[in-house]
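Trainee: Below, each chain spelled out in residue letters.
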Amino acid sequence: MDENVTTAVLEEWVHRFAHLVAENRDYLTELDAAIGDADHGSNMDRGMKAAVAALDASPPATPGALFSKVGMTLVSTVGGASGPLFGTLFLRIGSTLGDTETTSAPQLAAALRAGLGGVVDRGKAGPEDKTMYDALAPAVDALDAALADGADLAAGLKHASDAAAAGRDATTPMLARKGRASYLGERSVGHQDPGATTVALLLEAAAEAAF
Amino acid sequence: MKKLINDPDDVVVEALHGIEAAQPDLRVDHQHKIIYRGDTPKQGKVGIISGGGSGHEPLHGGFVGLGMLDAACAGEMFTSPVPEQMQAATKLVDGGAGVLHVVKNYTGDVMNFEMAAELAAAETGARVVSVVTDDDVAVQDSTWTAGRRGVGVTVLLEKIAGAAAEQGRDLDQVAEVAGKVNANGRSMGVALTSCTVPAAGKPTFELGEGEMEVGVGIHGEPGRERLPLAPASDIAAMLVEPILADLPFTKGDPVIAFVNGLGGTPLIELYVMFNEVNKILGGHGVPIARSLVGSYITSLDMAGASITLLKVDDELLSLWDAPVNTSALRWGI
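The listed protein sequences derive, respectively, from chains A and B.
Here the numbering used here is used: the first residue of the first sequence is 1, the next is one more, and so on.
Here the numbering used here is used: the first residue of the second sequence is 1, the next is one more, and so on.
Since the hints were made in silico from the structure, they are not lab data.
Just so you know, not all the hints are guaranteed correct.
Derived DEER-like restraints, expressed as beta-carbon distance ranges [to be verified]:
1) A:K124 x B:E211: 34 to 42 Å
2) B:N275 x A:K124: 37 to 45 Å
3) B:P287 x A:A53: 52 to 60 Å
4) B:W144 x A:A53: 37 to 45 Å
5) B:A22 x A:N4: 54 to 62 Å
6) A:A210 x B:L229: 56 to 64 Å
7) A:A154 x B:D10: 40 to 48 Å
8) B:A122 x A:A53: 25 to 33 Å
9) A:E128 x B:L4: 42 to 50 Å
10) A:V189 x B:H17: 40 to 48 Å
11) A:A145 x B:G18: 51 to 59 Å
12) A:G150 x B:I5: 53 to 61 Å
13) B:R330 x A:P59: 47 to 55 Å
14) A:G117 x B:D10: 34 to 42 Å
A few chain B residues facing chain A, derived, Cβ under 8 Å [what the hints assert, rightly or not]:
15) M77
16) F78
17) P81
18) T107
19) G108
20) M111
21) W144
22) T145
23) A199
24) A200
25) T204
26) F205
27) G220
28) P222
Here's a subset of chain A near chain B, in silico, CB distances under 7 Å, partners left out [said to hold, decoys possible]:
29) T29
30) A33
31) D37
32) A38
33) S42
34) S76
35) A81
36) G83
37) K178
38) G179
39) L184
Backbone N, C-alpha and C define an ideal beta-carbon position, used for all residues, glycine too.
Looking at chain A on its own, in the form it has when it is part of the complex (with noise of 0.2 Å):
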């Protein structure tokens, strides 16, 4: 498979990420009020706002460019816990992808996977803590799954879309063991993790975008 990805589609895939993102702005803080302090969506907003404005205002030359500053705009805009977590997530990819000037589904793959690391450094969550990472993991290991089956970049998004909507919807009976929802201990089971629903949103902005 010699699928070129171009900074263009990735581009894409940010746009229509930020879009998801405003659109479920009050829907993310919904879910973030019964469980933390209410403030998710509309952070994740301002931060993608600027995100979006920062590649208006000078479009980067390369995938890696493209997401690192995405991740260096997050880090610097949006605050709270989302703000090292997402920023680290687009700045992991970004160095993995390096400066090559088009990438490809594996290396999409190994750059995906080397963000969920990040994530993990900074965040410190693993499996079933109630977090992004339930939703980030399984889409991690979907697409990885799907291209080793042989399917291509688009059908391997669609794939890992899929799971992160299926690891969100799992995050609801969980009992929340990192961030400001573990304080709440018993009382946070029942409730959709909202980091792990602004990651599900993330991979469904992937899989329609035209890879």
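Chain B: place on chain A using the hints.
Mentor: Frame of chain A, contents of chain B only:
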């Protein structure tokens, strides 16, 4: 939602302009949303910065000044500041003796301050030590949670560490005093109403007229349990007993007793609470050496209160009594 605002998105920016206009001793870096002392950096003095989400006023901007903080970073409403802000503040206050970061234990605050310390060290070689406050006994402290929240002790710590820095102690000594305050202080809070975050436009949680949330933090996050509203005497006992049980506050150990309003409770009710706290502590033979009553670490318009007890020795007491000149705390000058 009835609030004195223009646009929810502009609340923090406009408040910083207001603070700048109202407080001639303070300066504001609007780009980085930093409130800092007009006379900083002081050569040879340890710089102390703190910060966190906005909406907890006077924390932290109200505590910038002689004998307390050198700078405070204001995040968005209830959202920790970003690393760039703490990095800029660290540079502003570093007089060559290093900088203490006072961080409340919330995942976002901890991660952003961590990144800021890494960046500041990489950029300027500034020596940074962090102290994380985690005094809330309402939270189960285990490896399975994010650990206890930092609440009321943060105010007492900023005062006492600020005095130590003002005396000319070095960074390790100031950090040691700060650690001692955190180790000897415990808090717990109760909410009678939810707060309303301007951007959300409605209360974060619903609480019936006859209900209260016991064990709340300072962000409108739900508490440990929901109970029928009780008289102040019962509420005081509900808050003080877990605090006393958590740290061996033994008979005769003097404490600083801090009754804090969460933003929507009048001072007269806080004094009613203090009266109850005084009675309970008297019954346990725990003498109140100093007291602080008022709204110092708030949760926007939330009605309710938190109680903080800090076990003190002569050193902590003399640092507490040292002069302080900030917009929210002022004595001895």
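Trainee: For a quick check of understanding: which of the numbered hints are violated here, in increasing order?
Mentor: none
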